[in-house]
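Please work from the sequences and hints to get the whole structure.
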Amino acid sequence: MSIRLFDSKEGALRAFVPLEPNRVSVYVCGPTVQSSPHVGHLRSALVYDLLRRWLTHEGYDVTLVRNVTDIDDKVLDNAAAAGIEKWWALAYRMELEFSQAYAALGILPPTYEPRATASIPEMIALIERLIDRGHAYVAADDSGDVYFDTRRWPSYGSLTHQNPDDMDAAADADLRGKNDARDFALWKGHKVGEPDSANWTTPWGGGRPGWHIECSAMATKYLGSSFDIHGGGLDLRFPHHENELAQSEAAGDGFAQYWLHNGLVSIGGQKMSKSLGNSVFAADLLAASDAIVLRYLLGSAHYRSTLELHETAIAEAQAAFDRITGFLARVNRSAAADVVAGQVPEAFREAMNDDLNIPQGIAVIFDEVRSGNTMLDDGMIAKAVSIAERIVAMLDVLGLNPGAPEWNNTGTQPSAVALELLLEQLLLNRQEARDTRDFAAADKIRDNLAAAGITIEDTPTGAHWSLHGR
RNA sequence: GGUGGAUUGGCCGAGAGGCUAGGCAGCGGCCUGCAAAGCCGUCCACGCGGGUUCGAAUCCCGCAUCCACCUCCA
Numbered sequence: 001m002s003i004r005l006f007d008s009k010e011g012a013l014r015a016f017v018p019l020e021p022n023r024v025s026v027y028v029c030g031p032t033v034q035s036s037p038h039v040g041h042l043r044s045a046l047v048y049d050l051l052r053r054w055l056t057h058e059g060y061d062v063t064l065v066r067n068v069t070d071i072d073d074k075v076l077d078n079a080a081a082a083g084i085e086k087w088w089a090l091a092y093r094m095e096l097e098f099s100q101a102y103a104a105l106g107i108l109p110p111t112y113e114p115r116a117t118a119s120i121p122e123m124i125a126l127i128e129r130l131i132d133r134g135h136a137y138v139a140a141d142d143s144g145d146v147y148f149d150t151r152r153w154p155s156y157g158s159l160t161h162q163n164p165d166d167m168d169a170a171a172d173a174d175l176r177g178k179n180d181a182r183d184f185a186l187w188k189g190h191k192v193g194e195p196d197s198a199n200w201t202t203p204w205g206g207g208r209p210g211w212h213i214e215c216s217a218m219a220t221k222y223l224g225s226s227f228d229i230h231g232g233g234l235d236l237r238f239p240h241h242e243n244e245l246a247q248s249e250a251a252g253d254g255f256a257q258y259w260l261h262n263g264l265v266s267i268g269g270q271k272m273s274k275s276l277g278n279s280v281f282a283a284d285l286l287a288a289s290d291a292i293v294l295r296y297l298l299g300s301a302h303y304r305s306t307l308e309l310h311e312t313a314i315a316e317a318q319a320a321f322d323r324i325t326g327f328l329a330r331v332n333r334s335a336a337a338d339v340v341a342g343q344v345p346e347a348f349r350e351a352m353n354d355d356l357n358i359p360q361g362i363a364v365i366f367d368e369v370r371s372g373n374t375m376l377d378d379g380m381i382a383k384a385v386s387i388a389e390r391i392v393a394m395l396d397v398l399g400l401n402p403g404a405p406e407w408n409n410t411g412t413q414p415s416a417v418a419l420e421l422l423l424e425q426l427l428l429n430r431q432e433a434r435d436t437r438d439f440a441a442a443d444k445i446r447d448n449l450a451a452a453g454i455t456i457e458d459t460p461t462g463a464h465w466s467l468h469g470r
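Residue numbers (full-length UniProt numbering): 1 to 470.
If you're looking for bench data, these hints aren't it; they were derived computationally from the structure.
What you are looking at is a predicted structure, and each value in this text was computed from that prediction instead of being measured.
Glycine is no exception: its CB is placed at the ideal position from the N, C-alpha and C atoms.
Errors might be hidden in some of the hints.
Quick list of simulated restraints, FRET-style, between CB atoms [unchecked claim]: (1) M380 / R304: 33 to 41 Å; (2) P195 / E420: 24 to 32 Å; (3) P414 / G462: 37 to 45 Å; (4) R23 / W465: 47 to 55 Å.
So this is what it looks like as structure tokens:
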């Protein structure tokens, strides 16, 4: 039983065989830190976090590199538009926002997170190799730009299965110093008015890197000239990934063996993006919901599908996830101990191995929840515990185990202790009222608590309370 | 014009020739003082038109609609 992944370049599912046994190298295109993270960025990072967790679970030693694009047209433009903030200050401020949002969602830090500005020498060396091999040229217009020569690279278009001649040739595009409209910038010559801090010296003049070259340079710098998996959002397939592939292969690198592309997040059937102005920002959504529920929601569609962020999505995800945690809480009460992780069921493994079919894996969790609840109803505690152990194992793989350290943010605060004591007393009062069949008084306590967002559940062993389903 | 992808029940969302996921919501029941939670049952499906087949949501052909990308984007 091996892992199968959908390789965008082949356009088919392929059995995953790493270059080195038991080791996997993954490069993921991270964000351009030009503005605050939105839900789409979170989903993308989450997809590769889940891939990494699954590969790790299956015994692979995973090296995950996710870059930070901290020098780019937009970074410079946005900093200039804002006024006094330096471009590097903006980039760093945004990078911190991204890191915070990732951490809030339980997305593990990558093995390494290189910044583009820290690999300029490698980019320059790569561009020199391309010039030497005749695949790149310095623009004839004295701009200092360097372009990749797409016409001299016969396989250009192979990633996205396009014939360059059929591409919409942006009729009004300014050729500048290009030989062909499809040639793309490896290097952008320094322009008057651009900050000196964004001006690096090269054999062909000062300037800054183009967008695509950084990923080729950093992927091979950290993962080698050939590595296993390259991932990123579907909207990066062209031009970004096509150009990465072209320049890396033209320079003689083997580059990525598998290309993965995650689906986008849509609102009302339309892609969420910075340029469309329909972004739902990570910070807003994290403020409006439990982070673990948001993680469940963003992981609940297959990674290649478009995920529609509809109005009631969070409430539905909360209800669904409460069903899982509700069962675990029942088991913990019955067993008077916290359940630990066991082995994942074979059906779950098969789903995950099949191109990371997490929706199918979640269905396995709910099947287990149902049978586990039945066991509890029938008083078969030991069986319920072993089911719960399997569920915790699956939740661990998905980063959704509410008992895992990254989610453990309650219980020790003074306010939580005070709440616990108050609730104990109120439940006692309610029980006394019920014992004397004073149901009006008992229900008043329950109604008051419900108004405060606290739910009471009566069980054969006494009443339990929960806040927001936890 | 080119390249990919999608259309599944009230909603979300898997599957991929016969076994008709899962969740949310709804309805009926069990349980409960009443609830809640849980369990059982239940309603509601595969965009349209053809074709192949004993059998098609699934394969083939055509059509429609939508989405993404074609050098700013996760």
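For each hint, the structure was consulted:
At about 40 Å, the CB distance of M380 to R304 agrees with the hint of 33 to 41 Å. For P195 and E420, the Cβ-Cβ distance of about 55 Å falls outside the hinted range of 24 to 32 Å, so the restraint is violated. Against the hinted window of 37 to 45 Å, the Cβ-Cβ separation of P414 and G462 comes to about 25 Å, which falls outside the hint. As the Cβ distance of R23 to W465 is approximately 48 Å, the hint placing it in 47 to 55 Å holds.
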